[in-house]
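**Student:** Take the given structure of chain Z and dock chains E, W and V to it, following the hints.
Number of protein chains: 4
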Amino acid sequence: MTSFVSDCLKKYSVSIIGASGYSGAELTRLLLRHSNVELKKLYAFSQVGNCVSDLYPALGCDKAYQLYSGETESDIYFLALPHGEALQLVPSLVQAGKIVIDLSGDFRLKNPEEHKEFYKQAKSPEAFMTYGMPELFREEIMREKAISNPGCYASSIILGVAPLFLGTESSIKVRAINCTSTSGISGAGRSNKTELSFSEMSENIRAYKVGVHQHTPEIMQALGTSTKTPSFDFTFTPMIGSLVRGIYSILNIQLDSPAEEEQIMKLYHNFYKHAPFIRVRDTMTEIKHVVYTNFCDIHIARVTESGSLLIVSALDNLLKGAAGQAVQNMNIILGLDEKTGLI
Amino acid sequence: MTSFVSDCLKKYSVSIIGASGYSGAELTRLLLRHSNVELKKLYAFSQVGNCVSDLYPALGCDKAYQLYSGETESDIYFLALPHGEALQLVPSLVQAGKIVIDLSGDFRLKNPEEHKEFYKQAKSPEAFMTYGMPELFREEIMREKAISNPGCYASSIILGVAPLFLGTESSIKVRAINCTSTSGISGAGRSNKTELSFSEMSENIRAYKVGVHQHTPEIMQALGTSTKTPSFDFTFTPMIGSLVRGIYSILNIQLDSPAEEEQIMKLYHNFYKHAPFIRVRDTMTEIKHVVYTNFCDIHIARVTESGSLLIVSALDNLLKGAAGQAVQNMNIILGLDEKTGLI
Amino acid sequence: MTSFVSDCLKKYSVSIIGASGYSGAELTRLLLRHSNVELKKLYAFSQVGNCVSDLYPALGCDKAYQLYSGETESDIYFLALPHGEALQLVPSLVQAGKIVIDLSGDFRLKNPEEHKEFYKQAKSPEAFMTYGMPELFREEIMREKAISNPGCYASSIILGVAPLFLGTESSIKVRAINCTSTSGISGAGRSNKTELSFSEMSENIRAYKVGVHQHTPEIMQALGTSTKTPSFDFTFTPMIGSLVRGIYSILNIQLDSPAEEEQIMKLYHNFYKHAPFIRVRDTMTEIKHVVYTNFCDIHIARVTESGSLLIVSALDNLLKGAAGQAVQNMNIILGLDEKTGLI
Amino acid sequence: MTSFVSDCLKKYSVSIIGASGYSGAELTRLLLRHSNVELKKLYAFSQVGNCVSDLYPALGCDKAYQLYSGETESDIYFLALPHGEALQLVPSLVQAGKIVIDLSGDFRLKNPEEHKEFYKQAKSPEAFMTYGMPELFREEIMREKAISNPGCYASSIILGVAPLFLGTESSIKVRAINCTSTSGISGAGRSNKTELSFSEMSENIRAYKVGVHQHTPEIMQALGTSTKTPSFDFTFTPMIGSLVRGIYSILNIQLDSPAEEEQIMKLYHNFYKHAPFIRVRDTMTEIKHVVYTNFCDIHIARVTESGSLLIVSALDNLLKGAAGQAVQNMNIILGLDEKTGLI
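Residue numbers (my numbering), protein chains in the order written: chain Z, 10 to 352; chain E, 10 to 352; chain W, 10 to 352; chain V, 10 to 352.
Hints were generated in silico from the structure; no laboratory data involved.
The list cannot tell twin chains apart, which means a pair is met if one copy fits it or any two copies do.
Once the Cα atoms are required to be at most 16 Å apart in a straight line, the calculated EDC-like pairs of lysine to aspartate or glutamate come out as:
1. LYS19 with GLU47
2. LYS218 with ASP291
3. LYS237 with GLU123
4. LYS237 with GLU314
5. LYS119 with GLU135
6. LYS132 with GLU94
Only chain Z is shown next, with the shape it has when bound in the complex (with noise of 0.2 Å):
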């Protein structure tokens, strides 16, 4: 782009608070593209010092890594912080009428009993901010400057049964969703686990946390419910297979009745009809057809008689799923192009 472009843009200045972790990596890959943004100052605790072309020299940056002690020179502030570090520092970023976008779980549940419960963590009820997933609640993300970013599995989950939720289509009444989901290892974080090390997960795949993963209760508090009392069987197997991007989930849902397969399509395609980043597809998708992207992909595979369907989404869970979705937060709150940065 000539300089002369540049300068007749606005630029908003950029700060990411855990810039040296996967998502920081993706975040700062995507601001310095970014057309209206310049990305002042990358914090990271434990890379003070080193330069982004250390850790990661395919993003052709040469910033330094520093430490964050409480500056609030920036107009929009990314945390991208291990969990439970936010909530020290997110409140005084908003006191201070910062832009916030929260990658982290710390700020996405409203009920602090099920955050102690999944994230081991006491917290005040006021330690909520509106959910950033702009397919469900782009209205009220326009209206905020704080944000609090979905989970990867959250996003995936979320995304592929949230038309029979929130839909137009009020016979369809959801009573069980079976979720399996595969990620990729990247969505354990930069990491120096044995378990993760590529001798261990090279055409491997392991299950973990089932039942008790802690994108579960954002998942419900999403669709209208709860883990307390929730309104229909919810089971969510995670697993890492032998991959370094992308979450793919394969979603049985029951229903309390049949519906019809064009039923169904047509209450999908209503749902996203001005979702960019939603793509509806009539025949199967793969992680393939997502990574390095910031599409989900929704494929509905089946819909029988006896009123089950089976519903396949797949996304890149470090864009999607963590800082592709942060920017297109950031655009819907500066009024930008949902698109912008991320085509």
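**Tutor:** Same frame as chain Z, now just chains E, W and V:
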């Protein structure tokens, strides 16, 4: 082993028809090292004139592939052919009094209508052979000479749920099973399909044949019901992932009434107490735990108050899901220790 | 980018002939997002009627592939065809005054004898176009409209040694180069060969075409010599490994007389000081540092007293080794910033 | 095998010190199935109290890891410890008259200066044991009870070039060897390093320790020279790639004078005619041809008029490059068929 030892063992002669595919290659490997058999002939239509060492140098075998034209000189025949081809060859082998183990789907289903629907081929009601799953049908297998070897997905799923149907707990009744299985790509055979190339499948996942996979009717049949008049809801979603070998099945089961975890654990341990290749494990299993072995690992990951179970089963699709189970069947028919050549 | 900005840019129309292969897909991706061009037509003989979104859903492009039958309506044509096919199509495009960038080997070699030997095809001495490696031939490229885009291995190797031949250090003379390069399997194109299937190539490595690879003569030519009367010994061993993208070249170089490490470092930094995509790195480079980028990383790993150098070069075979370099060439021809659409 | 057969075999008792790493696990697997030994104790400092089945369920072994504190009750001891630790333990085992096979580098080098330089540790000149490469030193191994097992890269490289140095062709003289070897990541052991995590190494390649790898001096020593006063130029570039097992070495060799391809072929076939695990192959070898076997495949890919050779060697780093070769050495010391338990 010294020649003295070899001499004092009775050696059966064995041949493989369809020896050049991946299951055929695993049969070759197992039978070459089996102390009670001598591998005679390797038949492979498409590879006539080539040696095993050309296709599978790791096997360390210099035999040449030949054209099968009706020979019956071996004591035992394994057939590892594309579906449909064994239907023609098996009858004369059986008539000649041979031990026959067929790895295809041709003789698995009792009901010709189900066969027609799932294999798109007519067959007579006689075209059925005892289903060679030793953990369920050991007595029958011992009495037979001709066996139909189970499918890979079917093995993984049946073994994961069989105690609920065939175990001693009469109070347990299954209402629904949702099964999501990820298979290694070797399950598709030695393939020249673009969609199975490394560039397409590396770091990819792809579901296929949702609800219509041909292993469905054999699963139902082994569990004492059928796809036509099923005694429980069954959904099966097969996937291929970024791995060569292994099947990993996530089995969501809904019981008619709640059960205690201890009760289920006991049921499984009892059911498999004489099954040397089934390991009911207390901790999560992984593909890495079973590849290159004949084990099927089963982990009861969750038992809820509402009567839902989450069971994970893992096996090597080419071994317990094909060639290993075939050799296990042969051992049983011959009256040998079931584990011979498999540990 | 707002529509206002788009309007004030002159957009060139671009078409791709041979758009359905992996290089064609990368060209599609890059050109769709390039601010100075409009992607007009995608020609692909074998995919006529299919959409980009059928083959490459990640590109988010709904254009249909068409049959090329001599159209010349676009300003710029990229050809990404199997070797031999561009020979027929390029002349009329050139005659029509189009900007032509050919990604095949058809127009790379000046010497028809070498072309005959390595490509098994006769061609006339006129069938040569300026070799589009900007870091070596930027001046020539600026003056041309028709360019032959370098091969992927050739790019990796030439860039790794060029300063020794074309740099300012007249005292340095190369006696021998032993090059071992590992390529991602995408280098073989969208393939349906059994030996490139996932099951065959996962966790595998395979050398091929040892000493006879067709990129050999273009490497020699770019370095000012030829395979017929070489001014230095050259051995090239290409391999494919268990990865989709990237080329990693280990360059063992023997100089006529010893050199100091500092001298070599300076030579390289000088040679590439105006090359935005070449990074002479102080630490070891990896495939991960360059995939999905147009960078070529070069690391001088060792300089010994006996005059031997060990240089490692890494690039993405589909970007700096194909589509990325092609767009870089287009930018130069159009007088744009070389990096446009590539950062 | 029936118990009758077992009874009539003399069984040696064997223990492994350092049993919990990848080499230790492969030793466990091989020794459990070896007809002439009984696996007694598995010592592993870091895993005391854990079972083999916790770490390596695929081995199907329920033994617990113990703390080694000087026991000498077994007939045979394998040591698979981090470099430096065997130096302390071996002397008392030797003194107790045990058969000792050490898989570390501690006793490989005769020259304490070279050991100091490459292992950063002082050792006495006595700290040397016969180099256990049967194809070169079978006679010496037969006479010894304590053996130093070769390194994985060293095995791959030495076997690839040994006939040129130790064969019967006195006219052949090597001037230079440039070696580029790609290793599976298991070569780095059971690791918790971030840079060896799946997310970092999938689809990646990384060279390291260029020119300074500790296997260099043992290669030189086995070929009858040293790093201090080398009789030929030697460059070694190790790399890790996107695979768990295997080493693939590309050996560029410059001879003093040209040789005929036939002469080289004959030399290699002759040299290895009594070596059951070395296969001199007419066609290109691959990692897939040797993993999970004790074979080392060698292919003479090119012999040029200028006297340069291109030889490719492939083996499994954990078998012929570690545990398999260790068992082969044990077989030779015990007077058994070299292949026992390895085919």
